[in-house]
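S.K.: Here is what each chain is made of, one letter per residue.
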Amino acid sequence: MIHPIPSGTRDVLPDETREVRAITDALRGVFERHGYGEVYTPALEYESVLARADMAEAKPAYRVFDESGAALVLRSDMTVPIARVVATRYPTEEPPLRFCYLAHCYRGVRPQRGQPRELLQAGIELIGASAPQGTAEALGVLCAALDTVGLEGYRIGLGDASLFPSLMAGVGVPEQARPRLLEALADRDFVGLDEELSQLDLAEADRELLLSVPQRRGGPELLEAAEGVVADAVANMREVHQLLEPDVAERVIFDLGLVRSIGYYTGAVFEVYDPALGTPIGGGGRYDELLGRFGRPLPAVGFALGVDRLHIALMGEERGTGVSL
Amino acid sequence: MAATPSGTAKGSSAAAKSSSGATDGLTIAVPRGALFGETVDLLSGLGLDTSELRSNDRKLLFEDIGVITMRPSDVPTYVESGAADIGITGKDVLLEQAAARGEGGREVYELLDLGYGRCTMVLASKAGPDPAAEALRRLGVMRVATKYPRIAERHLEETGRQAEIVEVKGSVELAPLTGMVEAIVDLTATGTTLREHDLIVREEIVECTARLIANPVSHKLRAREIDKLLERLRAA
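Chain order of the listed sequences is A and B. When the letters of the first sequence are read in order and numbered with the working numbering, they come out as residues 1 to 325. When the letters of the second sequence are read in order and numbered with the working numbering, they come out as residues 1 to 236.
Isolated chain B (complex conformation) (with noise of 0.2 Å):
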């Protein structure tokens, strides 16, 4: 078959070159942050030596196992320009950086539910009498904060709202409790950080999990490694 570089440079810098049998030498993104925990165990699973990804928190590259780690938003951007074969995320990722049909979101295949971290992306506002319909109702429009604010305007949207969508990168529930907005969209799990500050969901909008994304061209050049992985987690 015509020879091809294995593991070869893709952008400037070289892909973390795996030596490890247990993913066929793919390189992989895995997101720091919430989904970290489960998602090493899933890597442990298919048989990576995953404990110096767990020990040492400051390291980027894991040359021997394959593995790049950067936050969640990142993991789309790595996978799309082939630096990882494949990567894992959430959908709350996926669906804010998709956007409308026609502008043609981040060029990766999904392909796989892995299940975990499930939380759901809600709309919000402060426990009582609903601020946000109040505003709808008098002014016209409500005033939303939120990490998201594709989801939220597309949302919003679809459900025959005006919105005015207000982007914050951090700590959302502060926006409406100091009346900078009268409701917020943002992913919940437990709902703990909702009731600490008096907020509760009024709707709830799509349960995001962690998903499994690949590369187009890997998703080709790598077919027979890609197959494998994915008929051994769909088994797990």
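Bound-form chain A, shown alone (with noise of 0.2 Å):
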């Protein structure tokens, strides 16, 4: 007999569970090694709770309503429950603290896209920890993962979410229409913001930068070779890059008009790509204001990976270096 399950979802049978198994025990090893304690949190939690967090385009998706009609919903992502155990758990905790999981998150879908609604995620969060600093060290500990994983030919894109605001503000686009530009941005339409910046008072040098700036990728020399409104927009990012090793920072590609999806980023984003994927692995960034929300304010940086990608890219890589898949 056939049995259904819904779309989106897969069960996962032993060959595939035995070289998952190797990426995440690899993962683990590295976390644990730079001092990530891992934790299971709830994937049922309270909608309220959840709420706190400005979660933009990866809000939860599933919502069930418990004995006394209380709405939960079955989590996105880690970062945010991770939130609240600081706050709940770790109220007086000095930091930095430092957490790290393997779980599967859920998220909505869009038909006949072959997007999963159940994901695994390994990830870490670095709590406490302020940019530059903390920042330099998730990506260190990124690219410890990647390595040891044994992905090969993987970058890392750089930029931060303050960039374009700060670009914005410093050649004075009028608060209404800043909304707009970075919905542009979001959509990465860039056609779209030329339209939208044409139709702004602004002088045409200003609206040049607006549109070229965040059409920018590259090495160093980006940083270096920025002026004015733009030197202090990248200013940020300038900081972190001094504090990476070399290995590190041989793998990042500087993106000035990065955007991710998820809302609660304050500083620098990044997402790590791989040539033998289309989509981006994973990815994190610094999330300044989310711990005060719960109730505990402090600086926090982190990352997730996608492990059914990092499976993916492996096998187009075909290499296995460290990882006998």
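If you're looking for bench data, these hints aren't it; they were derived computationally from the structure. All figures in this text were calculated on a predicted structure; none of them were measured in a lab. Cβ atoms here follow ideal geometry from the backbone N, Cα and C, with glycine treated the same way. Heads up, a few of these hints could be off.
Stretches of chain A that chain B covers, calculated by requiring three or more beta carbons in the stretch to come under 8 Å of a beta carbon on chain B [stated by the list, open to error]:
{"#": "1", "stretch": "181-191"}
{"#": "2", "stretch": "275-285"}
Cross-link-like lysine to aspartate or glutamate pairs, in silico, DMTMM-like; alpha carbons within 25 Å at most [what the hints assert, rightly or not]:
{"#": "3", "chain 1": "B", "residue 1": "K228", "chain 2": "A", "residue 2": "E227"}
{"#": "4", "chain 1": "B", "residue 1": "K228", "chain 2": "A", "residue 2": "D25"}
{"#": "5", "chain 1": "B", "residue 1": "K228", "chain 2": "A", "residue 2": "E16"}
{"#": "6", "chain 1": "B", "residue 1": "K228", "chain 2": "A", "residue 2": "D187"}
{"#": "7", "chain 1": "B", "residue 1": "K228", "chain 2": "A", "residue 2": "D206"}
{"#": "8", "chain 1": "B", "residue 1": "K228", "chain 2": "A", "residue 2": "E250"}
{"#": "9", "chain 1": "A", "residue 1": "K59", "chain 2": "A", "residue 2": "D187"}
{"#": "10", "chain 1": "B", "residue 1": "K147", "chain 2": "A", "residue 2": "D187"}
{"#": "11", "chain 1": "A", "residue 1": "K59", "chain 2": "B", "residue 2": "E107"}
{"#": "12", "chain 1": "B", "residue 1": "K228", "chain 2": "A", "residue 2": "E221"}
In silico negatives: residues of chain B with every beta carbon more than 10 Å from chain A [as the list claims (entries may be wrong)]:
{"#": "13", "residue": "G37"}
{"#": "14", "residue": "D41"}
{"#": "15", "residue": "G45"}
{"#": "16", "residue": "S51"}
{"#": "17", "residue": "L139"}
{"#": "18", "residue": "Q162"}
{"#": "19", "residue": "I165"}
{"#": "20", "residue": "R211"}
{"#": "21", "residue": "L221"}
{"#": "22", "residue": "R224"}
Hints in hand, dock the two standalone chains.
M.R.: Written as structure tokens, this is what we have:
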């Protein structure tokens, strides 16, 4: 008899499990060696609790009601639950706090796009270590994890969520016009951004700046060449870069227009790319405001890797040094 | 620098590895149909040898020049997945596939308005007293046939009208002629087809041209090649 399972879900059978276990065991080893303690949190949480975070496009998508009518949701990431844990279970513990996880998260899907509803994520949260040191540490752990797992061709796109807002303020874009510009950038629509800019009362040079700066990608020379308001806007990225070990720094591609679709990033944002995959393998960033919403204001930075995506990328590279697949 | 496999297999089929210097080995998704001719001219202008592309209209994969061809509405699919680094398609396709904010549209970069393939998305109905206006006034709702249900729905919602959107796959003009609907939302270039079927434009919704799109990962990993291409396209 054939028994269906919901679209976007999968059974993982022994051959695949064996390969995935090799990956997750390697990741666990790296995280532990760097001093990160593994946590588990409930898959079901109160909607009202998780809603303290601004999840933008990654809001929890599956809701159930418990016996007393309270709305529960399936978690869509681990960063917000861990923020809750820190505020609740570590209210006075001396920072920094280091947590890691291997957990399933649940996202809504669009039909016929082959998206999974249930994703296995591996990641870390470094709580209470501010920029740039904390960011540099997170990037170091990220590279150690990917190296240990055996991914060879990966690169890390590094940007800053405050960069474009800083530019807009720097050239004096009126407040009410800023959300539209940010939306065009978030949509990756540079034609739309151009159109929006042409409708604003700005000097031609400023318009050109706002259109061209977010399209700059490349090496550290990008940061050196920055002048004026751009130099201010990239100052944070420069500070992080200076702290990176050479083998981490050489993986970085600076992307001045990088935008991530989760709403709580306040500073550095980064994504992991591999030539074998057309979408990012994972990503993360700095979120200095989130913990405050749960009652224990602390800066924080972290990342999450899609284990499935990592597996696909590894197969695509057809290498497996360090992890035998 | 960390060695990256070049022109790697994304998905299960081998990407077209281009030996052409003109596009630095980028894989380009080219739309068949109305945009094909001018797109091929564009590629010729960049230095690609387009002779086989022009002559063989059944072939889909042109390895030597790094070109794959498909229907325009499939271009974003191939570019989003990474099977193509960049692609060309109409703004109408991008608008239709871009869902309302929050759902997330195709995850591609829209880099440049290429300027050709200019068409207008319009709301049209039979000539004479507007049947759609009458249906709206007396029945509270107008029925609209279209190949672009999302664009149609968004436009009518934004302009405060209740509408029943009927999705058809082609020959949209038939729908109002048979009384199935009162109006259509469709793309028009010269207006000839509308005129031939005694339909007139009631409203212009948006102007659409050919756009250059890029895969988000290729946008970073092939930044130099893509920026070089953009510079040459802007100069042209």
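S.K.: Run the structure past the numbered hints and jot down the numbers of the failing ones, going up.
M.R.: 4, 5, 20, 21 and 22
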